[in-house]
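Each chain, written out:
Number of protein chains: 2
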Amino acid sequence: MTAAATHPVVAELIERHQPTLTRAVEATTARDYWSPYPEFPKAYGETGQADGQAAFDALLGSVFTLDGQPADGELVSGESSPYGIELGVSYPHADVEALIGALELARPGWAAAGPTVRAAVCLEILARINARSHEFAHAVMHTTGQAYGMAFQAGGPHAQDRGLEAVAYAFIEQTRLPERASWTKPQGKRDPLTMTKEFVPVPVGLALLIGCNTFPTWNGYPGLFASLATGNPVLVKPHPRATLPLALTVQVAREVLAEAGFDPNLVCLAAEHEGSTIAQTLAVRPEVKLIDYTGSTQFGDWLEANAQQALVYTEKAGVNSVVIDSTDNYRGMLANLAFSLSLYSGQMCTTPQNLLIPRTGVRTDEGGKSYDEVVTDLAAAIEGLLSDDARAAAILGAVVNPGVLGRTVRAAGGEYGELALAPRVVTSPEFPAATVRTPALVKVDADKPDDRAAFLGECFGPVSFVVAVESAEAAVELLGRTVREQGAMTAAGYTVDDAVEAALVATCLDAGVSLSLNLTGGVYANQTAAFSDLHGTGANPAANAAYCDGAFVASRFRTVEVRRHS
Amino acid sequence: MTAAATHPVVAELIERHQPTLTRAVEATTARDYWSPYPEFPKAYGETGQADGQAAFDALLGSVFTLDGQPADGELVSGESSPYGIELGVSYPHADVEALIGALELARPGWAAAGPTVRAAVCLEILARINARSHEFAHAVMHTTGQAYGMAFQAGGPHAQDRGLEAVAYAFIEQTRLPERASWTKPQGKRDPLTMTKEFVPVPVGLALLIGCNTFPTWNGYPGLFASLATGNPVLVKPHPRATLPLALTVQVAREVLAEAGFDPNLVCLAAEHEGSTIAQTLAVRPEVKLIDYTGSTQFGDWLEANAQQALVYTEKAGVNSVVIDSTDNYRGMLANLAFSLSLYSGQMCTTPQNLLIPRTGVRTDEGGKSYDEVVTDLAAAIEGLLSDDARAAAILGAVVNPGVLGRTVRAAGGEYGELALAPRVVTSPEFPAATVRTPALVKVDADKPDDRAAFLGECFGPVSFVVAVESAEAAVELLGRTVREQGAMTAAGYTVDDAVEAALVATCLDAGVSLSLNLTGGVYANQTAAFSDLHGTGANPAANAAYCDGAFVASRFRTVEVRRHS
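First to last, the sequence lines map onto chains A and B. For the first sequence, UniProt numbering assigns the number 1 to the initial residue and increments by one for each residue that follows. For the second sequence, UniProt numbering assigns the number 1 to the initial residue and increments by one for each residue that follows.
Same shape as in the complex, but just chain A:
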């Protein structure tokens, strides 16, 4: 136990959160369903939703407070809700030197606190964020365009799950060696050699979290909590269009750290205007030893090449494919795919983009279906799912930014290929100003060079390609090649043929992408569950890291040994 553990607030936190930590540690090896954070909005009290809305409304137009964080007097604003409401939140700005200096000053106390104290403090941060899940849901909704239900789950409890998972892994990694061990080496007839050895996990330095536009909390929490729980101060640089969810996170973290007797500057916010190059500046600072990044391949590659003083964990772009060979549940397959393509307007890094369908057709429980029949039926399934505007809006959310909107416009104009399903403008009853579009389905042929140019690159957003391929084998081969060349966060397949399944599994293992097979119910290729599914593999160009495994955490600290004669 370290000195920090005797602080009364800390001692209470350790005791209070021990059962959750123990359970989380067990969950990492069991891989069954588990979460301490309920995903049903009603679990957060009768007035939870109204309270969250009120708290969010109170933030609108305000100056965000981060007491004690360095500030240069400037204010940063500019977030605009994809739902058309005015956010008007402005954030205190600080220069790089001041932020780095504050984090460095805060570093030693947290480094000395040890794994148990740090885990307890992190769990308290997560518990307080959890209690405010409705407020976070509004913040996520109005920065990312996610519909409220998704913003609540993915931006709230599911993001908290991923944060907790990182804390659990950090605790496991840092406590693999005993704090103290005796070493006795026999020396034949002479007295044995005896030593006492202490093993101390030491953090590596400052951590930088570079947030993304679409999932600021879900993609941000793994790195944030992995770094913090291993003792590294964290500078949070949010996406300029999705600052609020991470600003709230930083605010809660600072509040808990201060109460526990630590310097709140262990977690600072680097809010910036769109177009700022602060991320490039911070990424190559010698003090910065860890970087977590989610976003474009271009900047991810830049970070990997240039931030040589740091360990860089990236999640970049990819092209996700689905092989459609055969199924014993045709309706279930169509419904599952329709939902996968529609959820959050395909703006997930895990959304399937290319549906690979043999020209010879697909065997189903409803008989053989030609390529065209499958395409027509899938288009109809999507249309059916999204026929009602209110329901459509609740699934689609809103288009997050002009880049995505541009692609739906190009798809609608036939630029990517023949349309099997044209995107439709949806009017959200609740937010008439929101930009909501249904997915486009584009027909392409794997053997036509022009078509290949269209579907073999990432086309992020509500545009998917129904790709005619020679055979199931060609589909599997194309999936593998796409993963190796473009990267992929997910792969999926539908087949009742053992040989096709075996080829698909072998290809996914070799190309390094995780595979969802024959999903026809309430689990979707684009969703992963913390403590059970890994998000990404780190084994293909889409990402060099996975949430969460030992590799994601093990290098964020080092072990220093002190030994002496017993």
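These are computed hints drawn from the structure, not numbers from a lab. Some hints could be false.
If chains are identical, the list can't say which one is meant, so a pair holds when it fits in one copy or spans any two.
[What the hints assert, rightly or not] Below are the DSS-like pairs computed for lysine-lysine, each with C-alpha atoms no more than 27 Å apart in a straight line:
1) Lys448 x Lys42
2) Lys189 x Lys42
3) Lys185 x Lys369
4) Lys185 x Lys448
5) Lys42 x Lys185
6) Lys448 x Lys189
7) Lys369 x Lys448
8) Lys42 x Lys369
Computed from a predicted structure; not experimentally measured.
Add chain B to chain A, keeping to what the hints say.
Using the frame of chain A, we list chain B on its own:
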């Protein structure tokens, strides 16, 4: 269990080595003394030493055989024993394309074998190497200059320990997730969602081991076995002056792999003449995803900067310091330091270089000792330890290469500063042609700029500096600064003062170097024991990796998940 596990040879290996693997896995968390490989030469049978000598003699002047490895007909030779005997071994040469191609071809079968099979095969390789420890000892002795006793232990059982440790960590890491798990998520009144999930560890690609001149096996085995046990084919590029020990290792590995039904080209040798740039060529090949390197800072830095497609694990140069503040066992301290500085002529990356002694003197159980008295007494302790040529040769070994010899010549000439102890030419009774030198002790002052230039850089070999410093506090501060700026593999201290000890521990934790405190017996600052001590920390410029921890192994494979409805 994978298909490979049913191969009769493999099945037998799994059964035979299971107890060792289980015990090794336990040892990684207990950190007590443990080894399955006896370190006493006599444990290897009555005729062990003679058999080893005969096997080594049979290699002299021979063409080394690596059946089935690509070869272009050229032969590589050029090793010369620091003991003056002619080695004359020549090794088959192959071009880079052929080697990479052979490793790639071998890759899939080993990738599919799974962690259990790979661990068993690796343990068999180690067991066969262990049985030939005397032969390896000769090979290590006559390439590195280590004395036979040290070449036997450090090049044999202790190196095997480090290899086994890596295999144990690899097994632990790859089996943290279950092979298969059920996932059941309650859905209120509806049926729960249920999934079956498989987790498959997949290797990342080809591994390159770049060996060093002084400890080809001890520094080579951790990376070799960590990569191989996680499923990656390994190309072994030995130091041109220390090829034989790794060539024998490759030969044994290939033999075991072939017997177990695998392609022996999973482990290949890239023997090269001195001056070859093959390491640079190999290091940036796109197929190479893992690099383990021990050697100069210059090339280590080059690898870290240029081999961007690979994970690079380096152990480079450093400057190790000892703070001498006070002791309750003056004679024990002197004897311990004398041995530390003399062992293998200071040619260990862990040998103390700078002994930091307050100008105000050192409190001891024999009363206060002035700086000059400590220096004189230490010089006398070294002279006493090495007064007999035979005994001296058995401790010092031989000077490994002309670079090291040059430094002892410069030290003898007073180039580094005033000599407190001049290096002495020792004639080895057994090998009169061997180049053997006792350590030089150079007096310097921490506050004189010219002196600082001499001792603040690495001076690899039998040259140590007795550095006069203002106070114990100044010594601790200088140790910390040296670690941060130059890197260090070890730190040591002598003090009976609680405040000095606390400052020393705090400084070592912050600078990221492991500390040996008050060593006065048979444990030396330059020695670490596998399964108990970590070698290096990865937290300072001397190395980015440690033998062995989770971080050394966790990123050598990735996990791919396959999930489906139950």
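Cross-check of the supplied hints:
| no. | hint | in the structure |
| --- | --- | --- |
| 1 | Lys448 x Lys42 | neither (51 Å within a copy, 72 Å between copies) |
| 2 | Lys189 x Lys42 | between (72 Å within a copy, 16 Å between copies) |
| 3 | Lys185 x Lys369 | neither (72 Å within a copy, 33 Å between copies) |
| 4 | Lys185 x Lys448 | neither (70 Å within a copy, 43 Å between copies) |
| 5 | Lys42 x Lys185 | between (60 Å within a copy, 18 Å between copies) |
| 6 | Lys448 x Lys189 | neither (81 Å within a copy, 49 Å between copies) |
| 7 | Lys369 x Lys448 | within (23 Å within a copy, 87 Å between copies) |
| 8 | Lys42 x Lys369 | neither (43 Å within a copy, 76 Å between copies) |
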